[in-house]
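Undergrad: In order, the protein sequences belong to chains A, B and C.
Here the first sequence stands for residues 2 to 179, where the numbers follow the working numbering.
Here the second sequence stands for residues 26 to 393, where the numbers follow the working numbering.
Here the third sequence stands for residues 340 to 469, where the numbers follow the working numbering.
By construction, these hints were calculated from the structure, which means they are not laboratory data.
By construction, the Cβ of each residue, glycine as well, lies at the ideal position given by its N, Cα and C atoms.
Just so you know, not all the hints are guaranteed correct.
In silico DSS-like cross-links for lysine-lysine, where the CA-CA straight-line distance does not exceed 25 Å [said to hold, decoys possible]:
| # | chain 1 | residue 1 | chain 2 | residue 2 |
| --- | --- | --- | --- | --- |
| 1 | C | K345 | A | K159 |
| 2 | A | K170 | C | K410 |
| 3 | C | K445 | B | K221 |
| 4 | C | K445 | B | K204 |
| 5 | C | K356 | A | K163 |
| 6 | C | K412 | A | K166 |
| 7 | C | K467 | A | K164 |
| 8 | C | K370 | C | K345 |
| 9 | A | K166 | C | K410 |
| 10 | A | K163 | C | K467 |
| 11 | A | K163 | C | K410 |
A few chain C residues that don't get close to chain A, going by computed Cβ distances all over 10 Å [claimed, not checked]:
| # | residue |
| --- | --- |
| 12 | L354 |
| 13 | F358 |
| 14 | E368 |
| 15 | K370 |
| 16 | G379 |
| 17 | D384 |
| 18 | L385 |
| 19 | M405 |
| 20 | N417 |
| 21 | R428 |
| 22 | S433 |
| 23 | D442 |
| 24 | K445 |
| 25 | K465 |
| 26 | K467 |
Listed below are several chain C residues computed to face chain A (Cβ distance under 7 Å; list not exhaustive) [to be verified]:
| # | residue |
| --- | --- |
| 27 | A392 |
| 28 | D404 |
| 29 | I408 |
| 30 | P414 |
| 31 | D425 |
| 32 | G427 |
| 33 | C430 |
| 34 | N458 |
| 35 | L461 |
| 36 | Q463 |
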Amino acid sequence: MMSYLEEHYELIHKTPRLFALHVTREQLLDTLHQITTHTSFDTLSQLTCTDWIEEERFELGYMLTNALRSHNLMLKCSIARDKVTMPSLALLFAQAEVMERELHEMFGIGFEGNETLYDFALEGWCDIPPMRREFDTLAYVNAHYDFREGREDNLDVKEEIKKRKAAAKSAKETPSGA
Amino acid sequence: MERKVITIYHGPQHPGITGNMSVELDLMGETITRARTHVGYLHRGFEKLIERRTIIQAFTIVCRICVPEPDPNEANFALAVERLAGIEVSERASYIRVMVLEMARLGAQLLWMAGQSGSVGLGTVGQWSIYDRDLILDLFEQLTGGRVYHMYIYPGGVRRELPDGFLERLSALLDYLQKRLDAYDRLFFDNASFQKRAIGVGVVRGEEVLRRGFSGQVLRGCGFARDLRRDNPYLLYDQLEFDIPTQSAGDVYARALVRRAEMRESIRILRQVIAQMPEEGAIMQKLPKHRKFTLPKEDTYVAVESARGEFGYYMAGDGSEMIRRMQVKGPSLIHAFSLLEPLLVGEELSNVALIMNSLGICPPEIER
Amino acid sequence: MKFELKNSLAPLSALSKIFEHPQTLCYPEVKSETVSGYRGFHINDLSTCIGCANCQDVCMNEAIDMIAIDKDKNPKNNSGCIPRIDYGRCCWCSLCTDVCPPDSLKLESECIWADDDANRFLYQPKDKPC
Ligand code: SF4
Ligand code: SF4
Chain A
2 MMSYLEEHYE LIHKTPRLFA LHVTREQLLD TLHQITTHTS FDTLSQLTCT DWIEEERFEL
62 GYMLTNALRS HNLMLKCSIA RDKVTMPSLA LLFAQAEVME RELHEMFGIG FEGNETLYDF
122 ALEGWCDIPP MRREFDTLAY VNAHYDFREG REDNLDVKEE IKKRKAAAKS AKETPSGA
Chain B
26 MERKVITIYH GPQHPGITGN MSVELDLMGE TITRARTHVG YLHRGFEKLI ERRTIIQAFT
86 IVCRICVPEP DPNEANFALA VERLAGIEVS ERASYIRVMV LEMARLGAQL LWMAGQSGSV
146 GLGTVGQWSI YDRDLILDLF EQLTGGRVYH MYIYPGGVRR ELPDGFLERL SALLDYLQKR
206 LDAYDRLFFD NASFQKRAIG VGVVRGEEVL RRGFSGQVLR GCGFARDLRR DNPYLLYDQL
266 EFDIPTQSAG DVYARALVRR AEMRESIRIL RQVIAQMPEE GAIMQKLPKH RKFTLPKEDT
326 YVAVESARGE FGYYMAGDGS EMIRRMQVKG PSLIHAFSLL EPLLVGEELS NVALIMNSLG
386 ICPPEIER
Chain C
340 MKFELKNSLA PLSALSKIFE HPQTLCYPEV KSETVSGYRG FHINDLSTCI GCANCQDVCM
400 NEAIDMIAID KDKNPKNNSG CIPRIDYGRC CWCSLCTDVC PPDSLKLESE CIWADDDANR
460 FLYQPKDKPC
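One chain only, chain A, in its complex shape (with noise of 0.2 Å):
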């Protein structure tokens, strides 16, 4: 299993049962075919997604395991955080569909042949995809929840250490210029 692999990819080991290597996009779906029909990794059981945007592309991570679910591997693709989609597998993978469902919501990336991209998890959401880094958590929080009031007397620690030493030099100064 693993020599098919060793043979025809740039293998990456990642620790003993896991291992990775690198796609393009347009090889995605070839690169899928002959894995799984040469090798025994034929299960879909992830699909991740990691925004690098200071790189300005998304890493998509296909996780890929055996029928003895004792090893795994991941098909890695980058995609431009722009021009963002991706040939579904919902035809080779039939759990794939939802995961696609749920990456086109969180960051917004199209999958070209799923039919079930409508809302998963999140309703009538307009505002940019939440889980893409430029999405601002906390200003969303801020503009939508309050504080508890009560919680204004909340001081600033180092302001405070600050104050504290000057108003002992002072009464240190005074005593000394009486």
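Once you have looked at the hints, place chains B and C with the ligands on chain A.
TA: Coordinates of chains B and C with the ligands only, in the frame set by chain A:
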């Protein structure tokens, strides 16, 4: 007579639904002709919150991803951080983790039993099993300081030393539970009314099940002995002896029987842990730069077997104090959509709760 | 599978519980035992708290306010501030007690507080040595 299709929402406020989710059902008479799962009543944005917390702050969130069994999440989080940072955990801490995980599994199975028996109207079983689960929670309270959310398995080890006499109390509880399991056999698993409702309902079978990414009792109930504790061992599971119970029928009853046997296996594992746990040893490997602890720019994937199936965490660090991305996959994501929707078609309305409980569907891990 | 009569009768064994003492507690007359080490309400030993705000920094729920102390109890408290906790936000993770340098902040087993106004849940940790 003209037959009309009506659409109803089963949940989110329905005692038979497993958590805050709903299933939209098209009904022809009592028979379901189409099912659609809807989630979103529980979205808390944990994955987003974690992106703006340091690693020790993020640690307090992950247990909240699963209410009945929070510990696999803590274990996953800790394992992923340790793998990325290259931290070794002491043997004693690993034993304690296994113990916590198995206690949680036992508790989760008892809670499942309450739900499953409730869905066929056997209320007494639920009253008993919740009481027995509470005894496990009592032990958790002594060990971790919390009953439901333990926040105990920490990157680098576990947070507290065992209290005095803890293992003896655990051992006594296991003796008690062992006896109780026989009572549950009489009251629930061998109960003719449960058998009548459960046999032949919600059948999942065929070679396809492996490829479709199912896990847990769904696989074991149709003859595939898959269990990550054995197949892709983590912690010390490769040094412990246990069996992976399977059934072949693939229906609700088969999955119930698998769980029945698993409770006995958990007790067996716990007894080994009690016997083998090293008396001495550090429980905590101090994290370098504790509060300003950073992860390298790398990613990893870890998975553990929870009481309901595979929990997988993808974690990517970016060299800063925050985690760049942590993505959780619980068993329910697949089970509630690509399994449940087709499975319900052709079933009776009264079997929806039964099937959902049996698949162990739980929305908090779907939407996090 | 054959349905046996035994399987219909065995569940009736539960009836024997009628003659047993109930296992539930009669709250509030009988209370469950408190466990030492339970993560309940906060206590803060003001004679050792140094007002460093470590607890405030680590709390990701932003539950902790540092407020001015009425009367100095610890000469080493450089800021004259002590923590107060918003119990509408706290999740009792006890990270704040983990990072407290003099270990003055702790959690006690006491954990019951009922009120009809949620805005009153601003908790001043009891001044107790531990
Ligand atoms: S309670 Fe502890 S951490 Fe908080 S300000 Fe006082 S000394 Fe510092
Ligand atoms: S227990 Fe946790 S949430 Fe509560 S105040 Fe302390 S750090 Fe904050």
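Undergrad: Please go over all the hints and tell whether each is borne out by the structure.
TA: We went through each hint and held it up to the structure:
Restraint check for C:K345 and A:K159: the C-alpha separation of about 75 Å exceeds 25 Å, so the hint is violated. For the hint pairing A:K170 with C:K410, the CA-to-CA distance comes to about 20 Å; that is within 25 Å, so the pair holds. Pair hint C:K445 plus B:K221 does not hold up; C-alpha atoms about 54 Å apart against a cutoff of 25 Å. Restraint check for C:K445 and B:K204: not satisfied, since their Cα atoms lie roughly 39 Å apart, outside the 25 Å limit.
Restraint check: the Cα-Cα separation between C:K356 and A:K163 comes to about 69 Å, which exceeds 25 Å; the hinted pair is violated. The suggested pairing of C:K412 with A:K166 holds, with an alpha-carbon distance near 17 Å, which does not exceed 25 Å. Straight-line distance between C-alpha atoms of C:K467 and A:K164 comes to about 28 Å, which puts the hinted pair past the 25 Å bound. Between C:K370 and C:K345 the alpha-carbon distance is near 41 Å, which puts this suggested pair outside the 25 Å criterion.
Distance check on the hinted pair: A:K166 and C:K410 sit about 17 Å apart at the alpha-carbon level, within 25 Å; holds. Taking the CA atoms of A:K163 and C:K467, the gap is near 28 Å; set against the 25 Å cutoff, the hint is violated. For the given pair, A:K163 sits about 19 Å from C:K410 by alpha-carbon distance, which is consistent with the 25 Å threshold. Listed as a non-interface residue, C:L354 keeps its Cβ farther than 10 Å from every Cβ of chain A; the least gap is roughly 44 Å.
For C:F358, the requirement that its beta carbon stay farther than 10 Å from each beta carbon of chain A is met, with the minimum near 49 Å. No Cβ of chain A comes within 10 Å of the Cβ of C:E368; the nearest lies about 35 Å off, and the non-interface call holds. Listed as a non-interface residue, C:K370 keeps its Cβ farther than 10 Å from every Cβ of chain A; the least gap is roughly 30 Å. The Cβ of C:G379 sits about 21 Å from the closest Cβ of chain A, beyond the 10 Å cut-off, so the non-interface label holds.
Distance to chain A confirms C:D384 as a non-interface residue, since its nearest Cβ pair spans about 18 Å, more than 10 Å. The Cβ of C:L385 lies farther than 10 Å from every Cβ of chain A, with a closest approach of about 15 Å, so its non-interface assignment holds. Consistency note on C:M405: stated as away from chain A, yet its beta-carbon is not over 10 Å from all of that chain's, at 5 Å minimum. The beta carbon of C:N417 sits about 5 Å from the closest Cβ of chain A, which is not more than 10 Å, so the claim that it is off the interface is violated.
Once the 10 Å rule is applied to beta carbons, C:R428 is inconsistent with being away from chain A; the minimum gap is 8 Å. Non-interface status of C:S433 relative to chain A is upheld: no Cβ of that chain comes within 10 Å, the nearest being about 21 Å off. For C:D442, the requirement that its beta carbon stay farther than 10 Å from each beta carbon of chain A is met, with the minimum near 18 Å. Here C:K445 stays apart from chain A, with its beta-carbon at least about 20 Å from theirs, past the 10 Å limit.
The beta carbon of C:K465 sits about 19 Å from the closest Cβ of chain A, which is more than 10 Å, so the claim that it is off the interface holds. Taking the minimum C-beta to C-beta distance to chain A, about 23 Å, the non-interface status of C:K467 holds against the 10 Å cut. With 7 Å as the threshold, the beta carbon of C:A392 comes within range of chain A, its nearest partner Cβ sitting at about 4 Å, so the hint holds. Interface hint at C:D404: satisfied, since its Cβ lies 4 Å from the closest Cβ of chain A, which is below the 7 Å cut-off.
A cut of 7 Å between beta carbons decides the hint on C:I408: the least distance to chain A is about 10 Å, and the hint is violated. Hint status for C:P414 relative to chain A: violated, with the closest Cβ pair at about 12 Å, above 7 Å. Restraint check, C:D425 versus chain A: the minimum CB separation of about 6 Å is within 7 Å; hint holds. At its closest, the beta carbon of C:G427 sits 6 Å from a beta carbon of chain A; the interface hint therefore holds under the 7 Å criterion.
At about 15 Å, the closest approach between the beta carbon of C:C430 and any beta carbon in chain A exceeds 7 Å, and the interface hint on this residue is violated. Interface hint at C:N458: satisfied, since its Cβ lies 6 Å from the closest Cβ of chain A, which is below the 7 Å cut-off. At a threshold of 7 Å, the smallest CB-CB gap from C:L461 to chain A is about 6 Å, leaving the interface hint in force. Below 7 Å, beta-carbon pairs count as interface contacts, and C:Q463 has none with chain A, the closest being about 12 Å; its hint is therefore violated.
When the structure is compared with the earlier hints, violations turn up for hints 1, 3, 4, 5, 7, 8, 10, 19, 20, 21, 29, 30, 33, 36 and for no others.
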